[in-house]
Amino acid sequence: MKTTKTIFQDGNHKWVAIVRDPEKPNFLIDTNEYLVTHGGQGLLLDPGGAEIFPAVFSALSAEFDPSTLAGIFASHQDPDICSSLALWLEFNPQMPCYVSWLWGGFIPHFGGSAKTFVTIPDEGADISLDGLILRAVPAHYLHSSGNFNLYDKIAKVLFSGDVGAALLPPGQDGLFVENFDAHIRHAEGFHKRWMGSNEAKRRWCERVSQMDIDMLCPQHGAIYQGADVQRFINWFDELQVGIVAA
Amino acid sequence: MTTALTTISATASKAGVDLLRIVRINEEIKSVVGVAFKINIMALNAIFLAKRAGTAARGFGVLSNELRVFSQDLRNCMSSLTGLIHGCVNEVSLVLQDIRHTRLLRQAVEMAPTARICQVLAAREIENDRHSVRLASLRKQLKRALEDAFQMVELGGVLAKSAKIEAAYGQSFAVPLAQVSGEFDAIVEEIRSSLEALRRSAFFTGK
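Going line by line, the protein sequences match chains C and Z. Sequential numbering from 0 applies to the first sequence in numbering that gives the first Met the number 0. Sequential numbering from 0 applies to the second sequence in numbering that gives the first Met the number 0.
Keep in mind that the hints were calculated from the coordinates and are not lab data. Please note that a few of the clues may not be correct.
What the hints assert, rightly or not - Listed below are several chain Z residues computed to face chain C (Cβ distance under 8 Å; list not exhaustive):
| # | residue |
| --- | --- |
| 1 | 92 |
| 2 | 95 |
| 3 | 98 |
| 4 | 101 |
| 5 | 106 |
| 6 | 111 |
| 7 | 135 |
| 8 | 137 |
| 9 | 138 |
Quick reminder that beta carbons are idealized off the backbone N, C-alpha and C, glycines included.
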């Protein structure tokens, strides 16, 4: 079973990371799911693949009443992001799923009806969670061509999807980045290969540099906090991406 | 693994095998449909030949008309079999999807047995039962339709054999009439063998 870690809390406004399942088979890439709660409602960010639904559901249930989930945010269309969608919808058929307009016709292959999908335009959109405004921030081509991060300016948390992701070796499964230089080695190959556009990367770095961020939370690997956030942005800005030897 | 999950695993494996079997039946039916179409053309040729032979092939002419009616009935029969097969493929696929969802929901219930998730699982199981009942009904209908097709083809075989006998009285047309009726008989026999094999498919016998 996965564990939940509250990474931000101010009253009933919380960010909970659902992470690290020791029973997960090794052939499945490890993923981080995040729950944002506010005023008794919850938004689940990148709920994960169908195969890890039981682990995510049970961990989330331990922390939060899943029947009060107000929606799902899918950063992009990959199976490890939201192939569990049909199971979450089975639990709560009315729940909306926020997703890039680009994938509005693709993600329904995982499940859902015409009413399920709230599509986000390329420039982004605000998502309200019981009065808390969360901003869907464009991160197109990083790596998906229709890709969004989610920013909570009150908590100063940016859910960055695959940006900042690291494929950590066994045994190195801390929730937060402890040693940036040691950690970033596990992120380098991932970013070089998965991120497709230097121009898109540069725009993203400019955009997020202007945001007040305490924590940058990727969907794989560890969370960057404090000075490591800007350190990561600078590192990413310098990195040449979208190149493959073959 | 718990007993419930072991049962699900066994059911999934059976549904997977069922899907494979139904796909094979579908392929066999598709080839029979192709042959049935050929019969239609052959029956038309037989009618033209009988007309050319005139009074010498009057008996053959009657039989070739019957064979033409048979070939049309066979095509209709194959069309309804195809519809039933598609229904079965769809239903077995749904059962497979149900099994995956049920497995994951059961795991979730075991890990976090909240009232709501138990309700969701119960609703899922009701839906599973509905799909299973529908599949069982389609399976019965398909079996019946195959039996009907088999009976029809048996009759076609009798007609083809009678045509072979009648061909012998065709005087100067005896050879071409014998050839046409022989081909007809061979094709009907081919369809009969295919249907016979389909009737014995483990999809129906459950072995």
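Evaluation of the provided hints:
1. 92: violated, 14 Å
2. 95: Not OK, violated: residue 95 of chain Z not within 8 Å of chain C, min 13 Å.
3. 98: Given a least distance of 13 Å, the restraint on residue 98 of chain Z is violated.
4. 101: violated, 10 Å
5. 106: holds, 3 Å
6. 111: Hint holds; residue 111 of chain Z Cβ to chain C Cβ min 4 Å, cut 8 Å.
7. 135: violated, 24 Å
8. 137: With a minimum Cβ separation of about 24 Å from chain C (threshold 8 Å), the hint on residue 137 of chain Z is violated.
9. 138: Residue 138 of chain Z check fails; min Cβ-Cβ to chain C is 26 Å, beyond 8 Å.
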